[in-house]
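We have chain X; now place chain E onto it with these hints.
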Amino acid sequence: MLVITCPYCGPRCESEFSNGGEAHIERPKDPESLSDAEWAEFVFLRNNPKGLLLERWNHAQGCRRWFNVARDTVTYEILAVYPMGSPPPALAPKRYV
Amino acid sequence: MVESYLRQSALAHLGLEAQRARDEAAAAVRLHEKVLPAAVNLRGDGDDPAFLEAVAQALGLTLPLAPNTTASNAEVAILWLGPNEWLVIQHDAAPDAESHLATRLRNAPGDFHSAVTEVGESLVCIHLAGPRAADVIAKGCPLDLHPSVFGGAGRCAQSHLSKTAITLHQVSDEENGGPAFDLYTRRSFADYLWRWLSDAAREYNKA
Chain X
2 MLVITCPYCG
12 PRCESEFSNG
22 GEAHIERPKD
32 PESLSDAEWA
42 EFVFLRNNPK
52 GLLLERWNHA
62 QGCRRWFNVA
72 RDTVTYEILA
82 VYPMGSPPPA
92 LAPKRYV
Chain E
13 MVESYLRQSA
23 LAHLGLEAQR
33 ARDEAAAAVR
43 LHEKVLPAAV
53 NLRGDGDDPA
63 FLEAVAQALG
73 LTLPLAPNTT
83 ASNAEVAILW
93 LGPNEWLVIQ
103 HDAAPDAESH
113 LATRLRNAPG
123 DFHSAVTEVG
133 ESLVCIHLAG
143 PRAADVIAKG
153 CPLDLHPSVF
163 GGAGRCAQSH
173 LSKTAITLHQ
183 VSDEENGGPA
193 FDLYTRRSFA
203 DYLWRWLSDA
213 AREYNKA
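Here the protein sequences line up with chains X and E, keeping their order. So the first sequence is numbered by this note's numbering: it starts at 2 and just counts up by one. So the second sequence is numbered by this note's numbering: it starts at 13 and just counts up by one.
Keep in mind the hints are simulated off the structure, nothing from the lab. Backbone N, C-alpha and C define an ideal beta-carbon position, used for all residues, glycine too. Take these hints with a grain of salt, some might be off.
Dumping the calculated EDC-like pairs for lysine to aspartate or glutamate here, alpha-carbon to alpha-carbon at most 20 Å [what the hints assert, rightly or not]:
1. K151/E to E15/X
2. K46/E to E130/E
3. K218/E to E29/E
4. K175/E to E15/X
5. K175/E to D156/E
6. K95/X to E23/X
So the derived label-pair ranges between C-beta atoms look like this [stated by the list, open to error]:
7. Y77/X to N217/E: 32 to 42 Å
8. A30/E to Y77/X: 49 to 59 Å
9. R55/E to P84/X: 17 to 27 Å
10. P121/E to R65/X: 21 to 31 Å
11. E133/E to R96/X: 47 to 57 Å
12. R55/E to P29/X: 24 to 34 Å
13. W40/X to E133/E: 42 to 52 Å
14. D59/E to Y77/X: 30 to 40 Å
15. V82/X to S174/E: 22 to 32 Å
16. A81/X to G27/E: 49 to 59 Å
This is chain X alone, in the form it adopts within the complex (with noise of 0.2 Å):
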């Protein structure tokens, strides 16, 4: 099991957490103008990155508060934990081929 920091109550287990997916996923600025395709984009398609990946997560089971983890894909280690609207931290994570 994973242990996350949480940026409000501290290290907890990761079965008090809820995923929230894949993070930064902006809602389109002019959603009249979009094609069928930029909305699928927008909607249903998400990066599966082996090595870094941004994504959100809410303590679900503790104080109900949304932020964002990098997380390493291949060895589960978190990278960063950051809160929501502000970009993501400079990291070097390792490259998988």
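Chain E alone, transformed into the frame defined by chain X:
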């Protein structure tokens, strides 16, 4: 608000008083319900001095701003729930204590944003005390309750026990020869959680 004379504990049907073991001194865990707590959920900006001042005036207590900490006096306890959320608890109070608490907080003077919600109806409080109390909770809860990690009396945390969401408040380091916890859960989970705890505590000669 439910009329106070209609309030009934979610564990009333279990007849807990009658079940209580005679030999409490020998028990390594004591388990009982703290009936009908008065509870108010308080939200506001912890960085706003006007809000902090108003709450301090209304309750006679300073809001705990550090994560997982509490503040308490003889009357009320305040539990930190989040960076802008607290739970104000009063035990053994008169039926109208909850609305009094809420009114005091709502009418606190000052220019600030806050939300005050009466939540006592939704909560059930189970009190665990004794040398093996932490072991019983640890069977279903991922928190490390050792004093060196959890911090001992006066600390609180929200987590899950078995499958129910709980708010845990360590009220004492030494009661009945061990730590004492107040464990809050939703009333709809109370029956399940009480049975789960009774089963978990059985090997420790529960009372």
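Hints and how they fare:
no.	hint	verdict
1	K151/E to E15/X	16 Å, holds
2	K46/E to E130/E	18 Å, holds
3	K218/E to E29/E	14 Å, holds
4	K175/E to E15/X	14 Å, holds
5	K175/E to D156/E	17 Å, holds
6	K95/X to E23/X	19 Å, holds
7	Y77/X to N217/E: 32 to 42 Å	41 Å, holds
8	A30/E to Y77/X: 49 to 59 Å	50 Å, holds
9	R55/E to P84/X: 17 to 27 Å	18 Å, holds
10	P121/E to R65/X: 21 to 31 Å	30 Å, holds
11	E133/E to R96/X: 47 to 57 Å	55 Å, holds
12	R55/E to P29/X: 24 to 34 Å	32 Å, holds
13	W40/X to E133/E: 42 to 52 Å	44 Å, holds
14	D59/E to Y77/X: 30 to 40 Å	35 Å, holds
15	V82/X to S174/E: 22 to 32 Å	27 Å, holds
16	A81/X to G27/E: 49 to 59 Å	53 Å, holds
Figure legend: structure checked against the earlier numbered hints; every hint is met.
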